[in-house]
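**Q** One letter stands for each residue in the lines below.
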Amino acid sequence: MAHIHIEDLSFSYPGANKRCLDSVSVTIEKGEYVLLCGQSGSGKTTLLRHLKSCLAPHGEKQGAILLDGAPLEQLSLREQAAKIGFVMQNPDDQIVTDKVWHELSFGLESLGCDQKTMRLRVAEMASYFGIQDWFHREVSQLSGGQKQLLNLAAIMAMQPEILILDEPTSQLDPLAASDFLSTLRKINTELGTTIFITEHRLEDIYPAADKVLVMDSGRIIAQGEPGEVSQVLWKENHPMFAALPTPVRAFYASGAEGKCPLTVREGRSWLSRAFQNHPPHTLSPAGEETVSEASPALTLRECWYRYEKDSPDILKGVSLSVPQGSLFAVVGANGAGKSTMLKAICQICKPYRGKVELFGVPAHKQKRLFSGCVAMLPQDPKSLFVKATAQEELAEMNTDTVQQERVAALCEISHLLHRHPWDLSGGEQQRLALAKVLLTNPRLLLLDEPTKGLDPFFKIQFAAILQKLKDSGVTILMVSHDVEFCAEYADLTGMFFDGQIITVNTPRAFFSQNSFYTTAANRMSRCVFQGAVTAEDVVSLYKQNQEG
Amino acid sequence: MKHDAFSKYHPLVSFLFFALTIVFGVVIQHPAYLLAGVLSGGIYLSLLIGKKVFRWLTALIPLFLLVSLVNPLLNHRGSTVLCYVFSNPYTLEALLHGMVTGSIFVIMMLWFACYSQVLTSDKFICLFGRLIPTLSLLLVMVLRLIPSFMRKTSQLTGARKCIGKSGDAVSFRGKVASGMTILSALTDHALEGSITTADSMRSRGYGSGKRTSFQIYRFTPRDFILIAIIAALTSGILAFGGNAATYTPAVEIDRVGVGLICYCALCFIPIILQIKEAVQWRISISRI
Chain A
1 MAHIHIEDLS FSYPGANKRC LDSVSVTIEK GEYVLLCGQS GSGKTTLLRH LKSCLAPHGE
61 KQGAILLDGA PLEQLSLREQ AAKIGFVMQN PDDQIVTDKV WHELSFGLES LGCDQKTMRL
121 RVAEMASYFG IQDWFHREVS QLSGGQKQLL NLAAIMAMQP EILILDEPTS QLDPLAASDF
181 LSTLRKINTE LGTTIFITEH RLEDIYPAAD KVLVMDSGRI IAQGEPGEVS QVLWKENHPM
241 FAALPTPVRA FYASGAEGKC PLTVREGRSW LSRAFQNHPP HTLSPAGEET VSEASPALTL
301 RECWYRYEKD SPDILKGVSL SVPQGSLFAV VGANGAGKST MLKAICQICK PYRGKVELFG
361 VPAHKQKRLF SGCVAMLPQD PKSLFVKATA QEELAEMNTD TVQQERVAAL CEISHLLHRH
421 PWDLSGGEQQ RLALAKVLLT NPRLLLLDEP TKGLDPFFKI QFAAILQKLK DSGVTILMVS
481 HDVEFCAEYA DLTGMFFDGQ IITVNTPRAF FSQNSFYTTA ANRMSRCVFQ GAVTAEDVVS
541 LYKQNQEG
Chain B
1001 MKHDAFSKYH PLVSFLFFAL TIVFGVVIQH PAYLLAGVLS GGIYLSLLIG KKVFRWLTAL
1061 IPLFLLVSLV NPLLNHRGST VLCYVFSNPY TLEALLHGMV TGSIFVIMML WFACYSQVLT
1121 SDKFICLFGR LIPTLSLLLV MVLRLIPSFM RKTSQLTGAR KCIGKSGDAV SFRGKVASGM
1181 TILSALTDHA LEGSITTADS MRSRGYGSGK RTSFQIYRFT PRDFILIAII AALTSGILAF
1241 GGNAATYTPA VEIDRVGVGL ICYCALCFIP IILQIKEAVQ WRISISRI
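As they're listed, the protein sequences go chains A and B.
Residues 1 to 548 in the working numbering are what the first sequence lists, from first letter to last.
Residues 1001 to 1288 in the working numbering are what the second sequence lists, from first letter to last.
Check before you lean on any hint, since a few could be wrong.
As the list claims (entries may be wrong) - In silico EDC-like cross-links for lysine to aspartate or glutamate, where the CA-CA straight-line distance does not exceed 16 angstroms: (1) B:1210 / A:79; (2) B:1152 / A:380; (3) B:1123 / A:92; (4) A:259 / A:310; (5) B:1161 / A:448; (6) B:1161 / A:204; (7) A:387 / B:1277; (8) B:1165 / A:396; (9) B:1165 / A:138; (10) A:186 / A:173; (11) B:1210 / A:109; (12) B:1008 / B:1192; (13) B:1052 / A:310; (14) B:1152 / A:498.
To be clear, the hints were calculated from the coordinates, so they are not data collected in a lab.
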């Protein structure tokens, strides 16, 4: 008998004329690892929330959800709480209590467990998840990755049979995200928990899933094993194809035959096999990247900074020069000081040694730093929203309606101006925040992790906006974890490590000389090609070599 | 906080200890007892927070001096006149009484400082959570929200600074307006967050029936013994007496006896425990 059986489920929100879920039928077996993917707003979250009565949205619903053959509604709230675990997107807001140990026991307390059982289950979970080192800590001292792991552990303490996760890693950095996903994988293989998850970043999770469902406007348009689903998406030329892992995209786009590679390892062996008998004649992608000779928009010289007198230095002699009109990307690990560097440029943190020059003038001498010179888009776009509509948000920055319209058109938010900022999707919020920032007419735009939590389609749209800005002469400095994004769109890339910028180079040269800190396309193709850093590079090289 | 032996006892023991030392500290005005209170509280605080104790002293000493010197200005009783201030007598007795009141303040502050180090919020909730379960959960959630609000506020102000909307407007009106903007944005964030928190609570079975509460602190025989000792010392202090003292109009102080010994033993419990543990540690190390 199927573990979860969704039968012809349709749902529409009150007052909406369009169905949010349209005859969805899904069968999930016990212990399966099921990935649900689709564009933002395709109804993924609505579907997941229907699997737990207390979270299900209100509206018109048809069809049935069966758990072990019995309708879900027949289970009491308490049984549902124990059997079905639900992890949400925001690591911070899900946490209820102030201490780690209390959070772990919260679910058990709610279920009315006795002391002895609680003690054992909490101890078990803390050891299984490696939490014992921070068991007594305050929740507020944890990192985002630790918080999300705690949320997962707190739910696993209730020993659920099914684990439902709604984009659990979208707010985490890549390292924490892959940690989280591997823990999830461990839970699935070792404990046999059924997992139903939605994700944007498919690179890691896609090959690991037993079954993939693709949703589009409330319908399931493809389901099956990862290999089958990618073939369907390619044949239908579906926009979701762009979100698939690099090896899959490269394989289909090159028109190769055979079994589709899903992981970097499979991608490598596909390429090695393809060029086994006739080694490639063209090794590197055409088109030399040139370093801009323009005068620098921003120069940092030996900047040193620490937050408190006795605390360690965060910036240890950062030197950096960003040419005018370029998109400069800084990559590096979490907590390395990248964001502090941006603050130092904004003069929010004033370096105690070293120089910050903007367009040839020392930053502290710039009289009107934030009007017409520099502006920063923060990591969380929501932290810029203070008004009730998008229109008012723009008006707060600049009362000139012509300017507002120009920026709204540039950021593609003209149709959203009457909406409340909080009701917009993640990508739309990002663009509204960018519009607000652009109304200060910055010549140097600073971006802090702009692609965090964005789905691949919004990323492409966002990159197009950045290109337009560059064309109009704006210089952009971006710090990011997203190597794929940097490789594709940046003009120059720098590596931040230990309070310094270690190397600066064009993305192609930068990523092809790194062996770990590089794109999946590069890791996959370096056995045959040199300097291929994007899926497109691999495809064009493959085609050139096959033809010739 | 530094390593501390007394903090490892059950919260009930710590609570009882602080309740007694604070009550005795406020009630007893005998100079020997006051001295014992100041010494024990001060030493214990320095064991708990180390060098930071000097920051406390710089606040407490002026407080003590202020209370001592001001009291004779308001209280003119007493027979030994030292001088006249504003044609009112400034008496030795009133000065002594002021010093006693000052010491009581100091003792109270010291013990409360220790209390806040030892009885952390989770210990407090462990003690009173069972009496009022809903309220204690509310308290826990509030305690969690405070740091998260602080962080959100600095995140919001930081983000606004970087687009030139900083709070350091020159005019008072500008400052108020910018503060209100932040506050209203903070409310939006809080409401949005609380929806997620509520979902997370319901999805983990909150409100699905009877709740229990997880006790991380266990009551052991060790705790029982210490409570017995505290009870014995308390009855000793009450039974032997010898702690009365009046200052105005004339100074009359009881002769000290066994009562003082009991009081000292009580106040120095955390320090004695700390020494005992240090000695035990040394011995166990030297045996290796």
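**Q** Would the pair residue 186 of chain A and residue 173 of chain A pass a check requiring their Cα atoms to be no farther apart than 16 angstroms?
**A** Measuring from Cα to Cα gives roughly 20 angstroms; hence the hint is violated.
**Q** Quickly compare the C-alpha distance for residue 259 of chain A and residue 310 of chain A to 16 angstroms and report which way the hint goes.
**A** 58 angstroms, violated
**Q** Hinted pair, alpha-carbon criterion (16 angstroms max): residue 1052 of chain B, residue 310 of chain A. Please report holds or violated.
**A** 15 angstroms, holds
**Q** Would the pair residue 1161 of chain B and residue 448 of chain A pass a check requiring their Cα atoms to be no farther apart than 16 angstroms?
**A** 14 angstroms, holds
**Q** Are the Cα positions of residue 1152 of chain B and residue 498 of chain A separated by 16 angstroms at most?
**A** 27 angstroms, violated
**Q** Would the pair residue 1210 of chain B and residue 79 of chain A pass a check requiring their Cα atoms to be no farther apart than 16 angstroms?
**A** Distance of about 13 angstroms is within 16 angstroms: holds.
**Q** Is the hinted pair residue 1008 of chain B and residue 1192 of chain B satisfied, with a Cα-Cα distance of at most 16 angstroms?
**A** Roughly 39 angstroms separates the two Cα atoms, so the pair is violated.
**Q** Is it true that the CA of residue 1123 of chain B sits at most 16 angstroms from the CA of residue 92 of chain A?
**A** Between residue 1123 of chain B and residue 92 of chain A the Cα gap is close to 24 angstroms, so the pair fails against 16 angstroms, i.e. violated.
**Q** Take a quick look at whether residue 1152 of chain B and residue 380 of chain A sit within 16 angstroms of each other, Cα to Cα.
**A** The hint holds at about 11 angstroms.
**Q** Residue 387 of chain A and residue 1277 of chain B were given as a pair; does the straight-line alpha-carbon distance stay at or below 16 angstroms?
**A** 59 angstroms, violated
**Q** Holds or violated: are the alpha carbons of residue 1210 of chain B and residue 109 of chain A at most 16 angstroms from each other?
**A** Measuring from Cα to Cα gives roughly 9 angstroms; hence the hint holds.
**Q** Is the hinted pair residue 1165 of chain B and residue 396 of chain A satisfied, with a Cα-Cα distance of at most 16 angstroms?
**A** 10 angstroms, holds
Checked against the numbered hints given earlier, this structure breaks hints 3, 4, 6, 7, 9, 10, 12 and 14; the rest are met.
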